[in-house]
Each structure stands twice: as C-alpha cells, then as structure tokens.
Amino acid sequence: MQELVQHILNGLNLGAIYALIALGYTMVYGVLQLINFAHSEVYMVGAFASYYGAIQFHLTEKPGWGAFAIALLISMTVCSLLGLAIERFAYRPLRNAPKLNTLITAIGVSLFLQFSGQVVFGADPKVFPEVLQDSTLYTFGEIQIQLFDVTIFVVAIVAMLALNWFINKTKTGMAIRAVSFSFRSATLMGINVNWIIAVTFILGSSLAGVGSVLVGLKYPKIDPLMGTLIGLKAFVAAVLGGIGNLPGAVVGGLLMGLCEEMVVAYLSSTYRDALAFGLLIFILLFKPSGIMGQTRVEKV
Amino acid sequence: MRRLNQVLVAICCVLSFACTKKNEGGGSEAATEIKVGQYGSMTGGEATFGQSTDKGIRLAIDAKNAAGGIKGKKIVLITEDNQGKPEEAAAVVKKLITQDKVVALLGEVASTRSLAAAPIAQQYKIPMISPSSTNPEVTKRGDYIFRTCFIDPFQGPVMARFAYNNLKLRKVAILKDLKSDYSLGLSEFFAKKFKELGGEIVSEQTFQTGDTDFKGQLTRIRSSEPEAIFIPAYYTEVGLIARQTRQLGIKAILLGGDGWDSPKLFEIGREAVNGSYFSNHYASESPVPATQDFIKKYKEKYHETPDGLAAAGYDAAQVLLLAMENAPEITPTAIRDQIAKTKDYQGATGKITINADRNADKDAFIVKVDGKVLKFVTLLGP
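Protein sequence lines, in the order shown, are assigned to chains C and L.
Using this note's numbering, the letters of the first sequence correspond one by one to residues 1 to 300.
Using this note's numbering, the letters of the second sequence correspond one by one to residues 1001 to 1382.
If we strip away everything but chain L, and leave its shape as in the complex, we get:
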C-alpha cells in the first residue's frame, strides 16, 4: 500500500509539472511583442557581471517601452542564467532561439561564454551583440556576431602603454588564468606591447579559474622583484590574489583589465586592491553628458552607482534598439544589417561605431581602485 502511494505521488508530481509547462507556453501575444534574449552569469563566480549587465539592458528596454516601444510593439526581454558555465551558455542560447523565438540576442560578458554561444547564434542567423566580451575571436564566429566594446588587442596594449609611459614601470610580472580565453588573450597582447616599448616581463605564472590558493605562483613572482603585477582575470580571483600578494609582503602595483569591474572586488580584496589600476569600458566620473545622463537614470531606477558592465549592457541594448527602429521590418536579418550600420552612436561608454570586423572602435578608461570608488585616471585611444 505504501509503495502504491509513493508511486501515485510521483505520478502526480510529473503531471503537475507537465501542466505548468503547458500554461507557460501560451504565446499568442507574439504579434504585438518583440522578443529579445539575454544570457548571462546571473549566478556563479562572476555573478555581478550578469546581474549588472541585465540591469543596464533592462533600463534601456524599459525606457523604450515607456516611450511606446518599437513600431507600436512592446519589447520583451527574456533573461536566461548560464551559471557562469560555457556549456550552459550554449544550452540557454539554443533554448532562447528555438523555444522563445527571440529576434536578437544580447550577451555575454565573459569571452569564453560568448564563444560558446556565438556559433549557435550564427547557425540560426540570429544577431548577437556582446556588450563586453573583449577576446578578438568572438566576432570572428560569423557575420551575425557583434560587440559594442573594444577588443583585447587594443585593451592589452593600452594597459602596457599606461604602465610604461604613465607609471614609468619597467619590470612587470604576469599572473594569468589558463582556463579563460579572455585572460590568455589579454596577457599576450599586454606582454607583446610592453616588450615592444622596452619593458621587461620578469615572470609569467598561471592559475585556473576557481583556485583559491595562489601563494606558490606569487612566491615565484616575488623572487623576480617586479614593479607591478598584471593580473588579467575576473574579480573573485583578483580579490583573493591581491590579498595573498600583500600577505607575502609584495608591494608591487597591481594592474588589470575590465574583468576587475565589480562591486565585489573591494569586498573580497579589501585594502589589498587599493591603489591598483585597470582598464575599463567606462568611468562614473567621466564628464561626457551621455554617461552622466545614464548614471542619473540608473540611480533613479536601482539606487546604486552603475559599474562598467551595467553601462556596457545599456549601450549594447541601445544599439540593438536603434537597429530595430531603423530596420524596415523586425526580422533577424534586417536587424543584423542595421546593427552593422551603427555609426557614431554616443553611448554611456563612449562613441560607438561598428567597424568592418563587427567590433566597436572605442577609447579605454583607466581607473584607479580607491575603496569602493573607481577613480578616473585617464582616457587612452588607439
């Protein structure tokens, strides 16, 4: 009898799941809506990346909807969490395209996950705009893949120039993440330019995403006596690395890239990250009116200062909305053609022009970590 009850309960559970699925599936309003998909790391080791990007995108889309939408249609944003895993990114993007039938995709921040999703978007010919993936390979996946940020062959050399010319550094060590396309690419471009300028890379050490102990690598770096350590990685690891650097008594300046930008950087790294510099998509202190306008709207909606990824998400959404506005009809191909024509759009992160390689030509902001505040240092062009 007890066995039978258990079986019945199990069957009921399955049935109730099946029923809810069916109710969700009723998409008869499709004619009055435009569906846009967003995939990002809403949870996982880079959770603030996904969350900030989503907030930025929603700000842009809500404003557009409040102003009447596009061609009288409301824009619906469907956000899917990929938990920070590349295989999950591929799965949710496939779901967004085949089940939700989105006309365009926004995402991802991390290059590894954009690279996992891009071939799928390309295969189904759905335009995808990455707000902040900087690895050059991402947009090489096909003519439907765009980005509204600079790329690492630009970001790396910018940081190298800043280290050599502005900070007058000559000996730099590198600590890079072997599992991240972003980290490997960025460190390579940095090292190349820094050596070209006449600097020396005194030590190059590696780790892997998810590691918590970096003392072995840092002890090696300490013996090479660098003036600075370049750490092209994401904020969680950077925070832990910074702490252990100081615990080992290393006084070198820490340098990084846009992967550092998160409110959690200071929470994890505490005083150890203070005085570090990194290249970013935006600085909240930038005097550009478009940036200040974005910050004002963002603060009104979310009551916090946006980070660079929120700004980048906002801009990617704006570029997409503009393309939809200009497209003769709302089809993925028509939208794609319009995104490719984006020229001199003044966004929160700077002027965006999509070039022939489907990347954006933009300047990089250099910021200095000072507690929870990121101080604007300088703006560097190509």
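For reference, chain C alone in the conformation it holds in the complex:
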C-alpha cells in the first residue's frame, strides 16, 4: 500500500514538471495555432541562464529563498527575451504563410538552439547550482514529502490558475482571446496583434524559465539537449489534455507522469518513452481534441 502511494506521489511530481512545460505549449498554440517546438529549447536556455547567473552572483554561497528568487528572475527574463526574439525573427515574418511553413520553422529554431547550445555552453552536462536546499517536509511511515516536489506541484497549479484568470478576466486576456479567435478581426477592432502575440510569448517563455529552475534543482544535471525529451513529453501532455486548453495541459501532464511512473514500476523502464507516444497515438485515434479540449472555436 505504502509502495502504491509512493508511486502515485512520484508520478504526480513528475507530472507536475510536464504540466508546467505543457502550459507554455498550450498558451502559444491557443493564440497562434502554432506548435512552438522551440519551447523546450527556451527551457534549456533558461536552465543555463540561471546556471551562469548563479555563478556570477555567487548564489550558492548563501542558498535560500532569496537566491532562488534571483535565479528565477534571471531565468524568466532571459527566457522571455529569447521567446520574444524567436517570435520576432522566426515566426512573425511567416505569420501569413501556410501553417506548415511555420511548423517547420519552429523545428528549425529548436534544432538551431540545441546545437548552438552545444557550441556555446559545451556538450558536457553541468551541475545545476544548489540555490535552494531540499528538505523533507512530512514523513508518513516510509513516505517522505520533499520541499522541491511540493514547490513544483504548487507552482504548476498556481501558474495554471493565474493564467486562466489572466486570460478570462483581464483586458489583455480578452484581447488574447480575440486574437486567438481571428486576428484579422482583432486588428479591425483596434487590437495591437503584434503586442498581444508578444505578450503570449513572454508568458509562455517565462513559464519555461520557472520550469527550468525548478527542474534544475530537482535533477541537477543540465545539458544543451535536456529540453528535447521533456519538451516532447510535455507536448504530448498538452495534446492529451486538449491543446489550447490550460487546465487540460495540467491534467494531461499529471496523467502522463502517473502513467510513466506506473509503467516503470510495474512493467519495465524500456517502455517509458514508448508509452508517451503510444498515448499520443491513442488519443489522436479516439479523442483527437484531447481530454478537456472542446471542439468549440474559442481557444486559450
């Protein structure tokens, strides 16, 4: 019994990471109907930004919430800027081009960042600086609940709720929904489409930044290809939950994490990645719009 509970906890913790990254995919998709494959590389750059930032500002000398906040700020800023740059230079020129062109560009940007990362940061894994020390919060028998796990989980949920509120209750959010609905009509209504899309990229990318610091603390090994697999899985999670749907991304992420954990625990680790993509095929076959995705026109 305790073992099962532990597996469920492990799965939820892993899933929370996927959820956090999946939110970024879903945000951009909701507005542009573009699968931003470069998102996982923005996440990778975020990890390196906080790595170098932590060294620069000697954050590991006095680890704590202060150092953590600085690392987070550095990572989010760098990620937002990178997201903005990608949108401005890679996607905007293609905004009126067929969707397939933008998709291929997204893959191109992703590969470009991965391999430039290998040149700039070096291909050997770095050890993520310990800006915050992990500790055990609760112990029930054999089951321990770790600070990082709780933090990641809470951040994923809070980010989802905050985004949901932002999209549905604020003026900018309304503009985002309008652009998502039809950006030509939105332009006619006097909405600055470029600005709205930029906001979307800033939001999505800074989420990747938050994710990179949290994951870096939990699994302190970062390398230029670290985003590839986690990005793909988060993308599957977003599709699973219904791409374009914020709560769906979180549900999809958690479900992915749980399924993966169960496969590793009771079948074999060999099937770990096969499962993710098996799920994707399954979902596309039986419920193409995902668990929470609706076939209505309004997205985000």
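Read the hints as simulated data drawn from the structure, not as lab findings.
C-beta: ideal position from N, C-alpha, C; glycine also.
One should not assume that every hint holds.
[To be verified] Pairwise CB distance ranges (calculated): (1) 1/C <-> 1170/L: 21 to 29 Å; (2) 1329/L <-> 120/C: 45 to 53 Å; (3) 1166/L <-> 138/C: 35 to 43 Å; (4) 1198/L <-> 66/C: 48 to 56 Å; (5) 273/C <-> 1381/L: 58 to 66 Å; (6) 1143/L <-> 147/C: 39 to 47 Å.
[What the hints assert, rightly or not] In silico DSS-like pairs for lysine-lysine, Cα to Cα no more than 27 Å straight-line: (7) 1296/L <-> 1064/L; (8) 1264/L <-> 1343/L; (9) 1251/L <-> 1055/L; (10) 1372/L <-> 62/C; (11) 62/C <-> 1264/L; (12) 1343/L <-> 1296/L.
[As the list claims (entries may be wrong)] Just a few of them, taken from the derived set where beta-carbon distance is under 7 Å, the chain L residues facing chain C: (13) 1198; (14) 1199; (15) 1203; (16) 1206.
With chain C's structure known, arrange chain L on it following the hints.
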C-alpha cells in the same frame, strides 16, 4: 541584387572552408613523426572520462618526447572527440586511421564505444589499446585489440566478494542501465558470484542512459528492503540515483564499479554518495612507488589529483610506447606483436601482463567515497 549578394557570400564561405582544409592537410613531416590516435568522450555525459584519459596519455607521451622520442622520432597524439556516442566513435576512428594514418589507437573508456570502434581497428589492422573498457567482448573483436585493465568477469565477482565477505551483506538490489554493455555485463557477473557465495539479489531494476528520474525503480527497490544497492553505471546517472535514493529514505549502502570514478560524482550526488564503495583501477593512496611517482608528475603538470581513468590512460600509453620502443620497425603489425608480449610492466594502476586473450591480469582496488576524496579500502586479487 540582394539575392545575388547572399549567393556570393555563401560561395565565399564554402571556398574559405575548402582552403583551410587544404592548408591543414600538409603532412610532409610524416617521416620524422609517429602518429598515435586517441578517441574519447571529451564532451557528453561522460566527459570527464575522455578528458582524464587524454590528460594521462598526454603526460606519458610528452615525457617520452622530452626524453628524445622513439628511435629519434617525435610522437604526435591526435585526439578525436566522439561526444560519448558509439556511432561517432566509429566515425572518428575511421578518420584517424584513413586520413591521419595513425599507427596505433588508444581508447575508449566506455565499453559500448570501444565495441563500436574495435571492428574498424581490426579491419585496418591497427593495434588498439583500451585503457579502461572492462566488458569482456571488447578484446574478442580481433587480435589487434588489447586492453590494459581488468575485465568485468573479474570486477563483478570482486565487488560481490567484497560485499559478502568484507561488508557482510546478504541482501542486495541491482539497478542497471539497459543501454550500456558495461552495465549489463558487470551486473550479471556480480549477481552470479553473489548468489554463489550465498547472498540474495532481492530486486533487479533497469533504467536507460540519459534518464533523470529513477524514483519508480527505487520505490520498488525500497519495498524489497535491501542492505545495499549495486549500481553498475556511469557517474552522472549514479549521482542522480544516489540523491533520489536518499530522498526516498533508503539507507542502503550503494555499491558500484569503475564507471563511478569522476570528480563530478560528488558534485552531482553531494552527501548522498558518501559512504559508498566501488571497485576501481587505482587508488591515489596506494603505497606502490610507481603510482605515487605518476601522481607526482600528474600534479606537477595539471595541478590536480588524477582520477583512476587518468592513471589508466597513462598506463595504456606507457604500454604502447614500450611496444614501439621494442618493435624493430614502426609499423602497426610490429607494434601489435610487441604489445602482445608486454609482461610485468609496473604501471600506475598495478602490474600489467597482457594475457592470451589480450586482457591484463590485474588486481582491483576497492575505494570508499568520502566527499571529493576516494579512500583506499582494500586490494582484491582474482
């Protein structure tokens, strides 16, 4: 017009690349040089393996060159990075043989990559010495493939004996890497011997190189209540596994093999790896004069304490240099014959004798992780 400019720039780029290639290719000094190739993981998940090995090899070769080289010729070491990928190892070895025309090859640490390169070396009949690949299959690829370290059918049982006799452990779990020939081989030989001695393997779990989350496997292992977990893997994964083991509240002792030896082990694993034991090619605290002499020279050159892979690289290079010295002429075949005759060479990692299977008969050091220091525990023979 703009289009035309872009095309012109592109053409210029291609031309300038072509020109640099040509300049590099001028190898007219070949008559006064002996070229030796080294391929290793200078980058990638096991980067410290390649870097340490390269440093050890360079130490040996530079010393030889300073003493006048071999038969009046200077030895030139050409190092190629395989990024830790087997397919890349095969590609760079082919390049070293066909383009650089090396007379001998040194490498690799990881068995999977040595296995990828060995058939090529054998095909071109270029002698290859692996400093630290321990999977038994490596030298079975042909009579030009050697190694100067022990093999897993020896290393696994040594660790099993140490766990059973010295640590008095009876219940051990295994967590192995499905993608690594080294990990699979070592865990098999360990399990066989441990069961033979009367111990019990209570759980056997797997992962794959590059994984970062091991909690599923470790939770399974926790339920089987082992006294120790044997993790035959490389340091990056070991560090992450050790951390997650402690996060799950598992107090079992962690055991491993020579793949643990890296300065990064402690950096990634932190306190979680302390108190673990692993079998290694060398221990810096070994009282053997040859070892201490190597450490002194290494520290003078690089200002750091060498790890086991640096020592193993140094020894492989020394064996190769000795063979070249003794060879009547510097040809791959003549060198091969001399390597095969290596007997009782006292290296930094122990006495090296190449046996009929082209492996070295050597003792294994057991070390204990204590922060960044690896404490020498005992020396175990066959």
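Hints, one by one, checked against the model:
1. 1/C <-> 1170/L: 21 to 29 Å: Since the Cβ atoms of residue 1/C and residue 1170/L sit about 26 Å apart, the hinted range of 21 to 29 Å holds.
2. 1329/L <-> 120/C: 45 to 53 Å: For residue 120/C against residue 1329/L, whose Cβ atoms are near 47 Å apart, the range 45 to 53 Å holds.
3. 1166/L <-> 138/C: 35 to 43 Å: Because 37 Å falls inside the window, the suggested range holds.
4. 1198/L <-> 66/C: 48 to 56 Å: holds (54 Å)
5. 273/C <-> 1381/L: 58 to 66 Å: Violated - the Cβ-Cβ distance for residue 273/C and residue 1381/L, about 42 Å, lies outside 58 to 66 Å.
6. 1143/L <-> 147/C: 39 to 47 Å: violated (57 Å)
7. 1296/L <-> 1064/L: holds (16 Å)
8. 1264/L <-> 1343/L: violated (34 Å)
9. 1251/L <-> 1055/L: violated (37 Å)
10. 1372/L <-> 62/C: holds (21 Å)
11. 62/C <-> 1264/L: With a Cα-Cα distance of about 22 Å, the restraint between residue 62/C and residue 1264/L holds, given a limit of 27 Å.
12. 1343/L <-> 1296/L: Holds. Residue 1343/L to residue 1296/L sits at ~25 Å (cutoff 27 Å).
13. 1198: At about 28 Å, which exceeds the 7 Å cut-off, the nearest Cβ of chain C leaves the hint on residue 1198/L violated.
14. 1199: Violated. Min distance 23 Å.
15. 1203: Because about 12 Å separates residue 1203/L from the closest Cβ in chain C, which is outside the 7 Å limit, the hint is violated.
16. 1206: This interface hint holds because 5 Å falls under the 7 Å limit.
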